[in-house]
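Asker: Below, each chain spelled out in residue letters.
Number of protein chains: 2
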Amino acid sequence: MRVALCQIDTTVGDFAGNCARVVAFAERAAAAGVALAVFPELAICGYPPEDLLLRRSFLAAHDVALAALAKQVPPGLDVLLGCLEANSDAAETGGRALHNAVALLRGGAATIVARKTLLPTYDVFDESRYFEPCSAPEQNVLEVAGVCVGVVICEDSWNDEQFFGRRVYAIDPVARVVGAGAQLVVNCSASPWALGRHEFRARMITAAARRHGVPMIYVNQVGGDVALQFDGGSFAASADGVAAQPVVFEEAMTVVDAAAPWREPLVEPDPVAMQHAAIVQGIRAYVRKFGFRSVVVGLSGGIDSALVAALAVDALGADNVVGVGMPSSYSSDHSLEDARALAQNLGITFHVLPIAPLQQAFDGVLASVFAGTEPGLAEENIQSRTRGVLLMALANKHGHLLLTTGNKSECAVGYCTIYGDTNGALAPIADLWKTEVWAMSRWLNRDGERIPQRSIDKPPSAELRPDQLDTDSLPAYEQLDPVLRLLIEQEMPVEQVAAKTGMARELVAELFRKVQNAEWKRFQYPPTLRVSERCWGGRRMPISHRYRES
Amino acid sequence: MRVALCQIDTTVGDFAGNCARVVAFAERAAAAGVALAVFPELAICGYPPEDLLLRRSFLAAHDVALAALAKQVPPGLDVLLGCLEANSDAAETGGRALHNAVALLRGGAATIVARKTLLPTYDVFDESRYFEPCSAPEQNVLEVAGVCVGVVICEDSWNDEQFFGRRVYAIDPVARVVGAGAQLVVNCSASPWALGRHEFRARMITAAARRHGVPMIYVNQVGGDVALQFDGGSFAASADGVAAQPVVFEEAMTVVDAAAPWREPLVEPDPVAMQHAAIVQGIRAYVRKFGFRSVVVGLSGGIDSALVAALAVDALGADNVVGVGMPSSYSSDHSLEDARALAQNLGITFHVLPIAPLQQAFDGVLASVFAGTEPGLAEENIQSRTRGVLLMALANKHGHLLLTTGNKSECAVGYCTIYGDTNGALAPIADLWKTEVWAMSRWLNRDGERIPQRSIDKPPSAELRPDQLDTDSLPAYEQLDPVLRLLIEQEMPVEQVAAKTGMARELVAELFRKVQNAEWKRFQYPPTLRVSERCWGGRRMPISHRYRES
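So the sequences go chain by chain: A and B. Numbering that gives the first Met the number 0 puts the first residue of the first sequence at 0, with every later residue one more than the last. Numbering that gives the first Met the number 0 puts the first residue of the second sequence at 0, with every later residue one more than the last.
A few of these clues could be false.
All copies of an identical chain are treated as equivalent in the list; a pair is satisfied when it fits inside any one copy or across any two copies.
Unchecked claim - In the DMTMM-like style, the derived pairs of lysine to aspartate or glutamate whose C-alpha atoms are separated by at most 25 Å in a straight line are:
(1) Lys70 with Glu518
(2) Lys520 with Asp122
(3) Lys396 with Glu373
(4) Lys288 with Glu250
(5) Lys396 with Asp456
Calculated from the structure, these hints are not laboratory results. Source: prediction; values computed, not measured.
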């Protein structure tokens, strides 16, 4: 049996567009002579639909689209794809209104053949908010061309006790369908990418193929949905290897022969290249899905804004990126030079808007209410916010989206000005630690300088007062980042972080307080492209509390 | 048996402070000769702790606090209070790491006597993210002074099939404890207020007392936690009535005699007074929990900012509220006069900072990049953002928190400038429809003018261009609000909203598009005090999607 792995890029709520994509891939699959075409989870409505699932009209439009789609599948082809299913028992049993399901499209009709059993409700996932779990996963099997196929959905594969070394959920749906006779297991997924996630998934699926002695076919959504970046990475694995290397961050149809041996060793991709691809996809998808074409970026001459501009060029092309230098009297001589050099390297438009006249005008208007005070944080923030107003003015006037240039380290400790440098429709690198920002910048320069070397080499500074350096307020990023990783990504207690890193316990505790005290800023921070397993959107901390660790 | 209903105001993570409150109330209860003192859900750690529950150190601190607390309870008094419990079966069965539990403090020791069965995972609630449900709710009974007491936790009471007319969850924990012999049922809650919620709860608990023929004791948390306002409203109900009127929006200890008849009819409070009390509590709690004392509010002369200033005065006192008028050349003559009259009525400090010099300075700096364009939205937004910079400058310089003045109607359709009038640490009235803003303003003037009548009467305007009125862009609020309520609060399909309200379907569809297109602005909006059953924090919509209704 030949199977097509149809890795498509869906858009939430775009029923017509999503179904058109399914039809186009189904026709290609039929032309390639396959018996079965497999599509991702919730392919009709896109993932994640969130509270649109609470609208009756949304569910009705979904059902109309599914029925119409079934009639457009080429004759003789079987299609498995993710869809919604009303839980008809909900009113009687007190369950959720919906199932996260998979339909078989065959002979012009759609039939539900599987329901999701394990509903991720952690990190960025809220599926228990909407879905009733499958109560009998062993029934999620069907026959295709004489082969018994078991169907599981995304998280259903994430409970292999042998692989994880512990039980994550009570039920293992993969074991259930294999126990029910499945000779091939298909997983329809919408699994967002994070660093290492692609490789982890591949090892997990391969381990299941080995453990159960059945081939596994994994089909994942690709494309960007605001913060979440789906890498695709669909593949077919047996105990001996994979059928073909996964394609990442683009739509693809891979055809595999279930009867042939799959023996290719899986090639693990370069991590920095994967981070770059995820962020580039994220910028492109966000800008296009909002109906924009171009972005504007404030260029300070520093490394963060330089990297964001380079990523934007990779996503949208140099013609669609505008850089703006906004020097003040505190800006170093090299700042404007470095920003200009970057713009030249990248081939983007570059405007210079000095803010001194605005600083003076604000000083004048505020003179009466600031009388008798010393210049300090308020004046520093005015500079940052003045720049934020100028960037939004350019964005509004010329129809650009504004990109935020903050990194994860400064976002973590609140080293940023709300309504100033945090302004923007999207934060492309706020899930990249500063040390990762440097690493990616060097990587981008691997074939020649795109980001000025001086922007990479110079000590980081906000340049909001004379001779200011980040290290006036914070440890060097080489010391800071490992501590923040443990505090945030692992939620490790302060005491243990100190023991593990060698940083003084008082300093770790102070950094943890800074992280906690910045929750209110992050609450109003733009959507951040997810790069790590613990991104801001998946970390839900109270913004006002009195918990301290010392 | 005499029982004390201990309605306390906890703070998330403030283990020492929360336990000190429990001890103080327990001592009062012992002095009043009660056998049993009942406290709210998760009283040790405060509700909702969110992802702090993922920190091992947080859980360890909780357990230390609970053990220490047990030793401080006066001898002879039994205490029931909400706490966390590690799920010891988690690793083996694949369940969540925690239970949401109730402990009995007796004789110096704490014993878990109940676990929560129904875990709210909808609206603002995410309990399935953290907790494993109780698998045997009939075991949640204990004996106190010879009486068999059944214990349920908050949502556990929200599944009375007779009361709701349908089954909400599979299990009814109240019926289970009654079936297990409970002669009295205690509910430990952390149930946030919304308009009508207090009355609904009272009817629901009373219906349970009637149905099961057992008295019910309901103890709810009070106080503000950012968006969520807990009203308390603890009470004791039998089939015949309540033991005493519930106290709302303040800490209270109510002592009831379980042997005496409870026959008082429940008095339903005035809805506008409840909204006012909730918002006042919310402002006060937020400002104090962040360690601030005072707030600054931009006063346009319009009704929204006037109401916010009056609410801030009621929360913090006139000495802790600063008003700022920031007229431009487009401001009407009466705008500054009305703002000044408000400040005089309220007795607050009032500054005037005209923005014309700043507008001119921005025009000058932007001249090169705006050359050849017509003034429009970009210039309007600059005015709003300039005001936002001035307000944040005052807040930063003088240590005030900035309050956002937007209402729910304009927040719904995006009639606001991001990084401009949306700036602020807290949005006190962004869950009040414009028509509710007027109603509360009239209510505040019931004993004499606090809000200038002209601010209530004049047609709403953003005053960002000459002779601008809200009705240039939107239907009159009297028509708009009912449509938005149905679209947002009920998620009613566009077609039905048009049929129900008589508004043209095309116009309803356009309003729905405006609501959807404003998701990205609301993503960066400040925390909004919850007033309604469908507040922004409980509505989780994708910000980028292509779903449309026509």
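Asker: Go through the copies and call it for Lys70 and Glu518: within, between, both or neither, with a Cα cutoff of 25 Å.
Answerer: Classified as neither; 50 Å inside a copy, 35 Å across copies.
Asker: I want to check one pair: Lys396 and Asp456. Are their C-alpha atoms no more than 25 Å apart within a copy, between two copies, both, or neither?
Answerer: Neither, since 35 Å and 34 Å both go past 25 Å.
Asker: Taking 25 Å as the upper bound on the Cα-Cα distance, should Lys520 and Asp122 be classified as within, between, both, or neither?
Answerer: both (20 Å within a copy, 23 Å between copies)
Asker: Checking an output row: Lys396 and Glu373, CA cutoff 25 Å. Within, between, both or neither?
Answerer: between (36 Å within a copy, 9 Å between copies)
Asker: Indicate which option fits the pair Lys288, Glu250 if close means a Cα-Cα distance not exceeding 25 Å: within, between, both or neither.
Answerer: Classified as within: same-chain Cα gap 16 Å, cross-chain 49 Å, threshold 25 Å.
Comparing the model with each numbered hint stated earlier shows that hints 1, 5 do not hold.
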